[in-house]
Amino acid sequence: MNVFFSFIITLILVLIPVVGVGLLGLDPLFGIVIPYVAFLIFFFGLIYRIIDWARSPQPFKIPTTCGQQKSLPWIKHSRLESPFTMKEVYLRMFFEVFLFRSLFRNLRADLVGKRLIYGSAKWLWLGAILFHLSFLVIMLRHLRFFIHPVPSLVDIIAKVDGFFQLGIPPIYHTDLFILAGLFLLLLRRLVDSKVNYLSHASDYFPLFLILGIVISGILMRTIFKVDVQAVKELAYGLATFSPVLPSHKIGVLFYIHLFLVSVLAAYFPFSKLVHMVGVFFSPTRNLPNNNRAERYINPWDYPVKYTTYCEWQERFRDVMEEAGIPIDDEWCKETAEAQKQA
Amino acid sequence: MSKLPKPDELLSDVKLHDMPSKHWMDLKPEFKPGSYLYAVEPQVMEDLGRPHLGKWQPHDEKWPLPENWKEIVREAIKKRLERNRAFKLFMDICVRCGACADKCHFFLGTGDPKNMPVLRAELIRSIIKGEFSTFGKLFGRLSGGRPLTEDVIKEWFLYFYQCTECRRCSVFCPYGIDTAEVTIMMREILHELGIAVDWAMKPVRFSHFVGNHIGLQPHTIKENIEYLLYDIEQITGIQIEVPINRKGAEILFVTPSADFFADPGIYTFMGYVLLFHHIGLDYTISTYASEGGNFGFFNTLEFAKKLHGKIYEEAKRLKVKWILGGECGHMWRVWHQYHNTWFGPFDYLEVPKSPITGTVFEHAKDNKIVHICEFTADLIAHGKLKIDPSRNDHLVVTFHDSCNTSRAMGIFEEPRFIIKNVCNNFVEMPENTIREKTFCCGSGSGLNADEFMEMRMRGGFPRANAVEYVHKKYGVNTLACICAIDRAVLPTLMNYWVPGVEVSGVHELVGNALIMEGEKERTTDLRYRPLKGKEGEV
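Taken in sequence, the protein lines are chains F and C.
Each residue of the first sequence is one higher than the one before, counting from 1 in the working numbering.
Each residue of the second sequence is one higher than the one before, counting from 1 in the working numbering.
Be careful, since some hints might not be right.
Below, a list of computed lysine-lysine pairs in the BS3-like style, where the Cα atoms sit at most 30 Å apart [said to hold, decoys possible]:
| no. | chain 1 | residue 1 | chain 2 | residue 2 |
| --- | --- | --- | --- | --- |
| 1 | C | K365 | F | K305 |
| 2 | F | K114 | C | K437 |
| 3 | C | K15 | F | K114 |
| 4 | C | K316 | F | K333 |
| 5 | F | K87 | C | K365 |
| 6 | C | K202 | C | K32 |
| 7 | F | K76 | C | K420 |
| 8 | F | K305 | C | K79 |
| 9 | C | K22 | C | K154 |
| 10 | C | K114 | F | K194 |
| 11 | C | K384 | C | K520 |
| 12 | F | K305 | C | K247 |
| 13 | F | K76 | C | K365 |
| 14 | C | K22 | C | K32 |
| 15 | C | K32 | C | K154 |
| 16 | F | K340 | C | K321 |
| 17 | C | K319 | F | K340 |
| 18 | C | K154 | F | K194 |
| 19 | C | K28 | C | K154 |
| 20 | C | K28 | C | K15 |
| 21 | C | K437 | F | K76 |
| 22 | C | K114 | C | K6 |
| 23 | C | K70 | C | K202 |
| 24 | C | K78 | C | K55 |
| 25 | C | K534 | C | K420 |
| 26 | C | K437 | F | K122 |
| 27 | F | K305 | C | K70 |
| 28 | C | K319 | F | K305 |
| 29 | F | K87 | C | K353 |
| 30 | C | K3 | C | K55 |
| 31 | F | K114 | C | K6 |
| 32 | C | K365 | C | K420 |
| 33 | C | K437 | F | K87 |
| 34 | F | K333 | C | K321 |
| 35 | F | K333 | C | K319 |
| 36 | C | K3 | C | K472 |
| 37 | C | K319 | C | K353 |
| 38 | F | K76 | C | K384 |
| 39 | F | K76 | C | K353 |
Keep in mind that the hints were calculated from the coordinates and are not lab data.
Using the sequences and the hints given, assemble the complete structure.
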């Protein structure tokens, strides 16, 4: 049901530009207006989310420590898993964000008779890293459409990405990797009973949506070729805020690609996809494990009433005297006076 | 109380890879005996000035919720989303990748999908979507949203008291989402409705008014200690004094109160005081700040702060230089991650410095509290202790990393270093069950009640299973730990799953091994068990 629903929604999204551009000829709407609106939603939506998180206070320093703390000088502490300085925190974050270090730890638990057995389970990590890193490279590659002249770095990335010269024009390796990654992630959601059980439609939808984007992109490059020069004209116009429709009409496939990208951009800030930004804010990862060395301030901390020594001593004075436990009236006098002065 | 099934039968219903055919939102919470805790006695809440629901029990069909309960819950959620970034963020960014799914000991022991950390968090995430988000209201279940109903409250009660705040899921989460944070917030929200559990709240009342969770009065603490000192004299032949509420001592020693009275914590206490006597430490314990543990933490953070205020007033009053903390798990989570924020700055204390070795504990320079394992490891490393590890030769020891000291502090090497120096037979449990991947005892965070026994045995199963492995393979007969709740609950767990394994604190082993000046030849350990080779002499 969840899978079906998400798939149908994605199909409908594909059909919208087919009708809009192919039948009704609304090129300006799909080529200029919708991308701009989507980008604005993406931009301001994301800024809103970032500000919203940044403004909400984090009351306590609560890193999850996954390695030895820094304590005695002769004990080697884990800089990466139990960072003591901010530099070490940045290191930890780098490994988390770019290499998915925590995901790499993943295990699979099986109950065999009365024994629990833990095995390595790197499929999720593999699917995730294939998908995310490929996505990053593909985004960088796409800069060639928006920047003129094309930066040499983008050229180099594209060259490396097409290094093995498979097919004509050469298929980018990342195109294959991202497909592999997406299918792995999708397959896992469908096949792993636990993940399947806890998935919402909104977990399948982005997978289908991005698959649509990737497939339309690959098709455009390899089989149903579109006028690249015209695409560049349009993209460059959009990027320089002087949008023009290219003189040559671009094929519908391109508009499907662009529309799905627009939907993804607009959907991004309000969905689970914001994890991309959110991960940087995670208090269990981005704070150092140095609580006893450096005080952390809770901006809304407030005093609470506790049972003071004197209240406590009053209650137990008799039994304390009897047991020979020292009584301290001096302290009570001191604190009472201090309180009066305050 | 329900009858606890036999170990062979308990897990027969656990299928880790079979999920129910019904959607989880359609599964109603079931209050099966043995799997939920009893409601708090109203008087307890009255005494502490908190709202309550009167006389009721979780298994009641209709819960006596206040008329405006929905409003209270919505406000309570909103307030916490605004004031706690972790909570807000964890509600926002979960992608349901399922990496955490089989990391929870309660899931591994029950197979209940709502014990997968991701679904545990969905229990509230779905309400935030369904109540506060337009998307969520529009698409409902498709986007993971659902309306707030009375059944949801029951579900929260059931499952947020089937989480021990152990943080194991947080280790594996690619975003570090920490279910402990979620559970802490959710128990607070339930508290605002007046919903709490008796087992976790009575200790709060005792700790608040009397000073420790079992309600030991000052003279009783003193008496208990005297009994323990008598035992020490019997075993070692030497007389030890334990200073109580002594002004001007250099160090205030605070330990979980269970170490004063409860087997096997008392042996750990004997270890502490033998050590202090051995090195001639200038210290005192306090009958006012007589609880290092903190049951408040299992209810609301405000209660947690309330209970530990005593420790610092006492440090001021006694004019000590710094504070030494005993072996305890969640106590050290609170001490390490919360104290400095709540009670600092500590300008009336001094940067901790070991009077014996001169080591300055730089890592604790601001909060001025040191873990006893850090302190003892330093002593051993400097060769300041006379140790005969063969006195632990009757033991084959493995070490259970407690959740909180592992994943909220990172103290892994210190206790191991100590154990390896005071014992000759030490083996590790399998790699995926120790250190940051350690499994909870199954009874932490205030869930160690008798009425919860079946769930405790299920939740403790992954830990017990790893112990069973080394018990069979290496003959392990001692499970060492640095946590008072562990010491309270692991014996029950071992009796159930791995009979023949005893539970001990690390400093009990230290106490066994210490060669005290002027002692007689020891024939038994601190529990009056014969030492290896001395069986005939006892």
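A quick look at each hint next to the structure:
Of the supplied pair hints, the one linking K365 of chain C and K305 of chain F holds, its CA atoms being roughly 27 Å apart against a limit of 30 Å. Our distance criterion of 30 Å between C-alpha atoms is met by K114 of chain F and K437 of chain C, whose separation comes to about 20 Å. A threshold of 30 Å between alpha carbons decides the hint, and for K15 of chain C with K114 of chain F the separation of about 12 Å falls inside it, so the pair holds. A threshold of 30 Å between alpha carbons decides the hint, and for K316 of chain C with K333 of chain F the separation of about 14 Å falls inside it, so the pair holds.
About 20 Å separates the Cα atoms of K87 of chain F and K365 of chain C, which keeps this hinted pair within 30 Å; it holds. Between K202 of chain C and K32 of chain C the CA atoms are separated by roughly 23 Å; this keeps the pair inside 30 Å, and the hint holds. For the hint pairing K76 of chain F with K420 of chain C, the CA-to-CA distance comes to about 17 Å; that is within 30 Å, so the pair holds. The hinted pair formed by K305 of chain F and K79 of chain C meets the criterion: a straight-line CA distance of about 21 Å does not exceed 30 Å.
At most 30 Å may separate the alpha-carbon atoms for a hinted pair to count; K22 of chain C and K154 of chain C meet this at roughly 19 Å. With a C-alpha separation of about 11 Å, the suggested pairing of K114 of chain C with K194 of chain F holds against the 30 Å cut-off. With a C-alpha separation of about 21 Å, the suggested pairing of K384 of chain C with K520 of chain C holds against the 30 Å cut-off. Using a Cα cut-off of 30 Å, the hinted pair K305 of chain F and K247 of chain C holds, with the two alpha carbons roughly 24 Å apart.
Of the supplied pair hints, the one linking K76 of chain F and K365 of chain C holds, its CA atoms being roughly 19 Å apart against a limit of 30 Å. Between K22 of chain C and K32 of chain C, the direct Cα distance comes to roughly 19 Å. Compliance with the 30 Å bound is thereby established for this hinted pair. Taken as a hint, the K32 of chain C and K154 of chain C pair is honoured in the structure, with Cα atoms around 13 Å apart against an allowance of 30 Å. Between the alpha carbons of K340 of chain F and K321 of chain C the distance comes to roughly 27 Å, so the proposed pair stays at or under 30 Å and holds.
Taken as a hint, the K319 of chain C and K340 of chain F pair is honoured in the structure, with Cα atoms around 22 Å apart against an allowance of 30 Å. Using a Cα cut-off of 30 Å, the hinted pair K154 of chain C and K194 of chain F holds, with the two alpha carbons roughly 23 Å apart. Between the alpha carbons of K28 of chain C and K154 of chain C the distance comes to roughly 9 Å, so the proposed pair stays at or under 30 Å and holds. Under the criterion of a C-alpha separation no larger than 30 Å, the hint pairing K28 of chain C with K15 of chain C is consistent with the structure, at around 19 Å.
Taken as a hint, the K437 of chain C and K76 of chain F pair is honoured in the structure, with Cα atoms around 19 Å apart against an allowance of 30 Å. With a C-alpha separation of about 24 Å, the suggested pair K114 of chain C and K6 of chain C falls inside the 30 Å cut-off, and the hint holds. At roughly 27 Å between alpha-carbon atoms, K70 of chain C and K202 of chain C fall within 30 Å of each other, so this suggested pair holds. A threshold of 30 Å between alpha carbons decides the hint, and for K78 of chain C with K55 of chain C the separation of about 28 Å falls inside it, so the pair holds.
Between K534 of chain C and K420 of chain C, the direct Cα distance comes to roughly 22 Å. Compliance with the 30 Å bound is thereby established for this hinted pair. Between the alpha carbons of K437 of chain C and K122 of chain F the distance comes to roughly 17 Å, so the proposed pair stays at or under 30 Å and holds. The straight-line distance between the Cα atoms of K305 of chain F and K70 of chain C is roughly 29 Å, inside the 30 Å bound, and the hint therefore holds. This hinted pair checks out: K319 of chain C and K305 of chain F have alpha carbons roughly 22 Å apart, not beyond 30 Å.
For the hint pairing K87 of chain F with K353 of chain C, the CA-to-CA distance comes to about 27 Å; that is within 30 Å, so the pair holds. Between K3 of chain C and K55 of chain C, the direct Cα distance comes to roughly 25 Å. Compliance with the 30 Å bound is thereby established for this hinted pair. For the proposed pair K114 of chain F and K6 of chain C, the alpha carbon gap of about 13 Å is at most 30 Å, so the pair holds. Restraint check: the Cα-Cα separation between K365 of chain C and K420 of chain C comes to about 28 Å, which is no more than 30 Å; the hinted pair holds.
Distance check on the hinted pair: K437 of chain C and K87 of chain F sit about 25 Å apart at the alpha-carbon level, within 30 Å; holds. With a CA separation close to 22 Å, the supplied pair K333 of chain F and K321 of chain C stays within the 30 Å bound. Between the alpha carbons of K333 of chain F and K319 of chain C the distance comes to roughly 16 Å, so the proposed pair stays at or under 30 Å and holds. Proximity of K3 of chain C to K472 of chain C is assessed by CA-CA distance (about 28 Å); at most 30 Å being required, the pair is judged to hold.
Between the alpha carbons of K319 of chain C and K353 of chain C the distance comes to roughly 16 Å, so the proposed pair stays at or under 30 Å and holds. A C-alpha spacing of about 21 Å is found between K76 of chain F and K384 of chain C, which places the hinted pair at or below 30 Å, so the restraint holds. Simply put, K76 of chain F and K353 of chain C have alpha-carbon atoms about 20 Å apart, close enough for the 30 Å limit, and the pair holds.
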